[in-house]
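Novice: These are the residues of each chain, in order.
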Amino acid sequence: MSRTHFAGVFDALYEGLARASQSVYDEGVCVRLFVASRVLGALALEARGSGEVVPHEVVTATLEHALSEDEEGYFTLYVFTMVIGPRLLVSLRDDLERGVDEPTAEAWAAASDAVIGQMNAISAFLRRRSAPETPSWAPAARALVDTLESAGYSDHLGPIR
Amino acid sequence: MPVLRVALAQMNSVVGSLSDNVATLQRLRTRAAAAGATVVVTPELALTGYPPEDLLLKEGFVDATRVALAELSLAPDLPVTLVGAVLEESLGLHLGPSSDGRDIARRLEGSHESAHVANVATVVGPDGVGPSVAKQFLPNYDVFDEQRYFHPSLRSGPLLNFDGIAVGVVICEDIWVSPGPAHDLAREGASVLLVPNASPYARGRQREREQMLATRARETGCAIVYCNLVGGQDELVFDGQSVVVNAEGRVVARADAFTEELVVVDLDLPPSDRGIPVSTLYARPEVEWSAPPPRISEPLSDVAEVYEALVMGTRDYLRKNGFREALVALSGGIDSSLVAAIAVDAVGARAVRGFALPSRYSSEGSRGDAYDLAERLDIAIETAEIEPAHQVFAAMLAPLLGEVPTGLTDENLQSRIRGVLMMAMSNASGAIVLTTGNKSEMATGYSTLYGDSAGGFAVIKDVPKTLVYELCHYVNARAVARGDLAPIPDSVLLKPPSAELRPDQRDDQSLPPYELLDPLLALYVEQDWTASEMVAAGHDPELVRRITRLVDRSEYKRRQMPPGVRITKKAFGRDRRMPITNGFFEDQW
Chain W
1 MSRTHFAGVF
11 DALYEGLARA
21 SQSVYDEGVC
31 VRLFVASRVL
41 GALALEARGS
51 GEVVPHEVVT
61 ATLEHALSED
71 EEGYFTLYVF
81 TMVIGPRLLV
91 SLRDDLERGV
101 DEPTAEAWAA
111 ASDAVIGQMN
121 AISAFLRRRS
131 APETPSWAPA
141 ARALVDTLES
151 AGYSDHLGPI
161 R
Chain S
1 MPVLRVALAQ
11 MNSVVGSLSD
21 NVATLQRLRT
31 RAAAAGATVV
41 VTPELALTGY
51 PPEDLLLKEG
61 FVDATRVALA
71 ELSLAPDLPV
81 TLVGAVLEES
91 LGLHLGPSSD
101 GRDIARRLEG
111 SHESAHVANV
121 ATVVGPDGVG
131 PSVAKQFLPN
141 YDVFDEQRYF
151 HPSLRSGPLL
161 NFDGIAVGVV
171 ICEDIWVSPG
181 PAHDLAREGA
191 SVLLVPNASP
201 YARGRQRERE
211 QMLATRARET
221 GCAIVYCNLV
231 GGQDELVFDG
241 QSVVVNAEGR
251 VVARADAFTE
261 ELVVVDLDLP
271 PSDRGIPVST
281 LYARPEVEWS
291 APPPRISEPL
301 SDVAEVYEAL
311 VMGTRDYLRK
321 NGFREALVAL
331 SGGIDSSLVA
341 AIAVDAVGAR
351 AVRGFALPSR
361 YSSEGSRGDA
371 YDLAERLDIA
381 IETAEIEPAH
391 QVFAAMLAPL
401 LGEVPTGLTD
411 ENLQSRIRGV
421 LMMAMSNASG
431 AIVLTTGNKS
441 EMATGYSTLY
451 GDSAGGFAVI
461 KDVPKTLVYE
471 LCHYVNARAV
481 ARGDLAPIPD
491 SVLLKPPSAE
501 LRPDQRDDQS
511 LPPYELLDPL
521 LALYVEQDWT
531 ASEMVAAGHD
541 PELVRRITRL
551 VDRSEYKRRQ
561 MPPGVRITKK
571 AFGRDRRMPI
581 TNGFFEDQW
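Just so you know, the protein sequences line up as chains W and S, in that order. Numbering-wise, the first sequence is residues 1 to 161 according to this note's numbering. Numbering-wise, the second sequence is residues 1 to 589 according to this note's numbering.
These aren't lab readings, by the way, just hints derived from the structure by calculation. Do not take every clue at face value.
Chain W regions said to be covered by chain S (calculated; three or more residues, Cβ under 8 Å) [said to hold, decoys possible]:
1) 45-55
2) 75-85
3) 109-120
Distance windows between CB atoms, simulated [claimed, not checked]:
4) W/VAL54 x S/PRO270: 17 to 23 Å
5) W/GLN22 x S/GLY204: 51 to 57 Å
6) S/GLY430 x W/SER68: 51 to 57 Å
Only part of the chain S face toward chain W is listed, based on derived beta-carbon distances under 8 Å [claimed, not checked]:
7) ALA35
8) VAL287
9) TRP289
10) SER498
Quick reminder that beta carbons are idealized off the backbone N, C-alpha and C, glycines included.
In isolation and in its complexed conformation, chain W is listed as follows (with noise of 0.2 Å):
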């Protein structure tokens, strides 16, 4: 069950981010966008097995929401670290502790530590780039936040216990 539902997850993340990869102009910001979308998608296929996947409906609102909002794709990768990352972080930790079987814990393990160091190089990305952070982004990450709370995913992404 949590395996699908994680696989949905990665596999939005996975074609949200490379979506947007394909649509803006900046190098250097498409390329962080599509490896972060290359690593979900591995992520994806790995949760995923032999079993069908669908896309989670929010995160893949979310992430077309954030790219509206920015077509240089800056605001994606803010939802990304700071929206859609944290929530993922804390489901795969509530999932460990919930007790999963071993190679699953050595998944949602390992998916944590990809994750982070996606969150990482965007951030070292950026503070190379000096990339300023637009006020419009307070407003719009806020109601990016509200929808995702009035979903019932205000601190994590599921599945919703």
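Model the placement of chain S on the given structure of chain W, informed by the hints.
Specialist: Using the frame of chain W, we list chain S on its own:
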């Protein structure tokens, strides 16, 4: 300017359950870690729950708290956390004498020495258990009894330093004092005050808190992070509504009422090298972007806030005491209807069972209303006619009384038969009986000992009758706004209140109309006015005399009532402690 990312862990502690509280703290710290928080602030006594009362007099409890603190520190991947706890004087605290003249101290393990206990906020992080700040001003009014247990700190601080930002810690009551610890810490260089609280709900309290915080922020020039406890504990309900105000006194974040929640806020603060440096290192994503701005939750309306307090108080009383099911005697009246609605919101319809217990005097309308209510709330309902028991008791009593019981004896007999039946159902099922008396009845003694007052939890014992009506209208309006059927039938709201213990009985035959009664009770009970002050203010002298006599003479009943949710600043019980044996009658002097 450097940024302090603070996470407010508005948590629901369980008094005495250190393992539950450690688990909750670690869960919230995990979330704070994912959000990249620098420091987590918890409520006052988050680790022990509030108030731990005489648990603090047990040698083993303070020892166990110290072990639990150590357990919290065994998590290098979680952020440094300011944990509300209890600690002994021997651990670097400088405490003064007990304010109430007693000297309760616990023996230190393995020695003949003893140490006083303090109410503290302790830094727990990768370096273990670090510096602690002890509370200076120990409240001993209303529901508070801290001078019975704690010794006060003799000084403010120490000032702490998180990532080059000077941080003061001020515990609950200390922030209300002006000039006080907040001003001391500001003078030492603090630019932000972290304030762990266990501030119980009462009507209008949040407005007072935020006004005080705005004033204190402007006085000190410090931002204030006010983290409040949430959840029910016996009579008390903690409403949360944690807030962050900036140095100008403007609210920049407010957590929801009556919900466990983690609020993350970035505060731009001036750099400083003052204060004891605290390590904030832990394994976290190194992202330097600002956190999404925190939500400023809209305060609830007064009636909605009271209703949610009643729901949370009931839910937590049941949950924390291991009751899985609630039983409510449904008379078809407004009080039992409201209690049933609260119970359903608290624990769900499947965990609430209604009992209709009609007597020979119960009207057809009331019988029908009880069933109508149960159907609307989707709760199970069963009927037991009390007439057979009533006849048997009357026959048993007749030779003892020399006549068939009549009047009050007969009325209370019916109520007590219902009490016996409800408590038998409780024994058989392990469920708790929720009693349905309101504050107007409690105040005037308009209830039957071991009858309608028999049970485990008195949900609306602090709710005056006029507010009962407002709450019912609120419940119905809320349901209709959601597109649901109003749970409380109109006929319940429209019929005159009656105990239905004799033919054509109505409450206003024994009591003044509630519209007159409740304002006078508020003056006499909640504001401690005297009868002469009420008369001087223009109230009818005869009515005042009648009501104050009723209140004074029913203290013996109130002492035997179950606990219930406190929603006013003066509830019966912890707040209002009148002698039962009381020979003072004002009109004699």
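Novice: Now tell me if each hint is right for this structure.
Specialist: Okay, the hints, checked on the actual structure:
no.	hint	verdict
1	45-55	violated (count 0)
2	75-85	holds (count 5)
3	109-120	holds (count 3)
4	W/VAL54 x S/PRO270: 17 to 23 Å	violated, 50 Å
5	W/GLN22 x S/GLY204: 51 to 57 Å	holds, 56 Å
6	S/GLY430 x W/SER68: 51 to 57 Å	holds, 55 Å
7	ALA35	holds, 5 Å
8	VAL287	holds, 4 Å
9	TRP289	holds, 5 Å
10	SER498	violated, 44 Å
Of the hints listed earlier, those the structure fails to meet are numbers 1, 4, 10, in rising order.
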